[in-house]
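Order-wise, the sequence lines are chains A and B.
To convert, note that position 182 of the first sequence is 181 in numbering that gives the first Met the number 0; the numbers rise steadily by one, no gaps.
To convert, note that position 196 of the second sequence is 195 in numbering that gives the first Met the number 0; the numbers rise steadily by one, no gaps.
One should not assume that every hint holds.
What the hints assert, rightly or not - Below, a list of computed lysine-lysine pairs in the DSS-like style, where the Cα atoms sit at most 27 Å apart: (1) B:K114 <-> A:K89; (2) A:K89 <-> B:K89; (3) B:K51 <-> B:K114; (4) B:K114 <-> A:K51; (5) B:K89 <-> A:K115; (6) B:K51 <-> A:K114; (7) B:K114 <-> A:K115; (8) A:K115 <-> A:K51.
What the hints assert, rightly or not - Simulated restraints on C-beta separations: (9) B:A190 <-> A:I96: 30 to 38 Å; (10) B:K114 <-> A:L29: 13 to 21 Å; (11) B:P48 <-> A:V179: 16 to 24 Å; (12) B:Y82 <-> A:Y44: 33 to 41 Å; (13) A:S126 <-> B:R175: 30 to 38 Å; (14) B:N30 <-> A:T192: 53 to 61 Å; (15) A:Y82 <-> B:H45: 55 to 63 Å; (16) A:I96 <-> B:Y44: 54 to 62 Å; (17) A:Y44 <-> B:E64: 14 to 22 Å; (18) B:Q186 <-> A:A5: 49 to 57 Å; (19) B:A190 <-> A:S77: 26 to 34 Å.
Calculated from the structure, these hints are not laboratory results.
Nothing here was measured: the structure is a model prediction, and the numbers come from that model.
Here a beta-carbon is modelled for each residue, glycine too, at the ideal position from N, C-alpha and C.
Protein chains: 2
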Amino acid sequence: MNSSAAAPRDRFITATLTLLREGGLSAAGLNEVVALAQAPKGSLYHYFPAGKNQMVGAAIEVYREAVARQITQALEGSATLRYRVTRVFKNIERSMIETQFSQSCAVGAVVLDLKKGDDELRNVCLSALTYWSDIAGSQLIELPYKQRAAAGRVLVNLLEGAQLAARAAASSRPLREACVFFLEYAQAQVAATSQT
Amino acid sequence: MNSSAAAPRDRFITATLTLLREGGLSAAGLNEVVALAQAPKGSLYHYFPAGKNQMVGAAIEVYREAVARQITQALEGSATLRYRVTRVFKNIERSMIETQFSQSCAVGAVVLDLKKGDDELRNVCLSALTYWSDIAGSQLIELPYKQRAAAGRVLVNLLEGAQLAARAAASSRPLREACVFFLEYAQAQVAATSQT
Chain A
0 MNSSAAAPRD
10 RFITATLTLL
20 REGGLSAAGL
30 NEVVALAQAP
40 KGSLYHYFPA
50 GKNQMVGAAI
60 EVYREAVARQ
70 ITQALEGSAT
80 LRYRVTRVFK
90 NIERSMIETQ
100 FSQSCAVGAV
110 VLDLKKGDDE
120 LRNVCLSALT
130 YWSDIAGSQL
140 IELPYKQRAA
150 AGRVLVNLLE
160 GAQLAARAAA
170 SSRPLREACV
180 FFLEYAQAQV
190 AATSQT
Chain B
0 MNSSAAAPRD
10 RFITATLTLL
20 REGGLSAAGL
30 NEVVALAQAP
40 KGSLYHYFPA
50 GKNQMVGAAI
60 EVYREAVARQ
70 ITQALEGSAT
80 LRYRVTRVFK
90 NIERSMIETQ
100 FSQSCAVGAV
110 VLDLKKGDDE
120 LRNVCLSALT
130 YWSDIAGSQL
140 IELPYKQRAA
150 AGRVLVNLLE
160 GAQLAARAAA
170 SSRPLREACV
180 FFLEYAQAQV
190 AATSQT
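Taking the hints into account, I'd like the entire structure generated from these sequences.
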């Protein structure tokens with residue numbers, strides 16, 4: 000994608016997300032974002048007058064929606080639970096392989112860099128994790144109704160933990176193992192339900 | 000603990016770990032470490048002549064051993080699997096509550112801040128995650144032998160993901176849920192074995 004064809008705000012957002020996913024909060028400095036976005040610094044202040052945290056917050060909100068769409072598309076439909084859950088993990092695996100395991104979840108990276116008192120940014124991250132968990136839970140329709148919400152949250156935690164391990168190992172094995180593990184758990188729940 | 004009573008190298012390591020656990024790689028700058036350790040900057044260069052990555056690597060190695068001891072102590076012994084696994088999660092919960100959810104795993108924080116080419120530091124982090132996974136797997140003696148190693152890895156990924164979520168939520172709920180989830184998985188494995 001030729002990022003210079005996009006509107007300046009979108010270019011700032013895209014650049015911020017790339018830098019967050021690579022190196023966390025400190026990597027997404029204003030100068031670094033301006034350089035990567037190839038847009039004038041003045042226009043960054045125009046879009047984000049309150050500075051870095053506002054820019055990062057806006058980027059995380061865009062990311063939240065994009066990941067939510069990806070999770071929805073992977074988990075919805077009439078394919079088997081195994082197929083749909085595997086699709087969620089495969090999407091992440093593909094993206095990590097494309098970047099040679101140099102990028103992972105922007106939200107995870109920000110959360111682990113939060114300073115005390117960064118409650119606004121913390122809440123933006125929490126809202127993303129909660130939203131993804133809710134979407135995932137609502138699509139795990141084979142599971143008993145009362146367990147879907149918790150299963151959605153655990154799926155998202157597992158995705159975060161497995162991305163971290165995949166990045167450390169520069170390998171997709173942790174994602175594949177986490178997928179198998181979640182499916183074993185989910186299918187045990189389905190089996191327990193069908194027995195009653 | 001009065002950190003100034005400790006040897007300078009230990010004070011640097013302790014300070015580095017606190018800063019990593021709070022704010023990731025960028026938070027553990029040499030100046031910040033010197034200030035928190037209350038030790039002369041010259042002596043930091045004496046212990047870590049190669050600079051920041053050497054210091055962080057040394058700190059992660061100390062952390063790796065400390066967490067390994069904690070996991071071993073929690074998982075070994077004759078108590079039930081439920082009791083022992085819960086102890087692992089409770090240790091982390093206690094530590095996060097003590098810091099009001101402002102600190103999480105040092106390894107997780109470093110991994111998500113790694114720059115391309117930081118392979119030495121990446122490998123130190125990978126060795127910690129692998130070591131913890133191996134220890135955990137070896138202590139899950141109720142599980143079928145051939146599944147212990149993978150279960151140990153998934154447990155560590157789940158701990159990383161749940162710490163991240165706990166920090167975003169400033170709540171220990173993600174840790175408690177992940178614990179319940181892992182136990183359900185583990186006990187389904189145990190039940191499947193005892194049926195054969």
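Tested hints:
1. B:K114 <-> A:K89: Since the Cα atoms of B:K114 and A:K89 sit roughly 24 Å apart, the hinted pair holds (cutoff 27 Å).
2. A:K89 <-> B:K89: 32 Å, violated
3. B:K51 <-> B:K114: 14 Å, holds
4. B:K114 <-> A:K51: OK: B:K114 and A:K51 at ~20 Å, within 27 Å.
5. B:K89 <-> A:K115: 23 Å, holds
6. B:K51 <-> A:K114: Holds, at about 20 Å.
7. B:K114 <-> A:K115: 24 Å, holds
8. A:K115 <-> A:K51: Roughly 16 Å between the alpha carbons, so the hint for A:K115 and A:K51 holds.
9. B:A190 <-> A:I96: 30 to 38 Å: 36 Å, holds
10. B:K114 <-> A:L29: 13 to 21 Å: 18 Å, holds
11. B:P48 <-> A:V179: 16 to 24 Å: Given range 16 to 24 Å: violated, Cβ gap about 45 Å.
12. B:Y82 <-> A:Y44: 33 to 41 Å: Violated: the Cβ-Cβ distance is about 56 Å, outside 33 to 41 Å.
13. A:S126 <-> B:R175: 30 to 38 Å: 21 Å, violated
14. B:N30 <-> A:T192: 53 to 61 Å: 57 Å Cβ-Cβ, so the 53 to 61 Å window holds.
15. A:Y82 <-> B:H45: 55 to 63 Å: Since A:Y82 and B:H45 have Cβ atoms about 58 Å apart, the given range 55 to 63 Å holds.
16. A:I96 <-> B:Y44: 54 to 62 Å: Violated, since A:I96 and B:Y44 (Cβ atoms, about 39 Å apart) do not stay within the stated range.
17. A:Y44 <-> B:E64: 14 to 22 Å: At 47 Å between Cβs, range violated.
18. B:Q186 <-> A:A5: 49 to 57 Å: 51 Å, holds
19. B:A190 <-> A:S77: 26 to 34 Å: 31 Å, holds
Checked against the numbered hints given earlier, the structure breaks hints 2, 11, 12, 13, 16 and 17 and satisfies all the rest.
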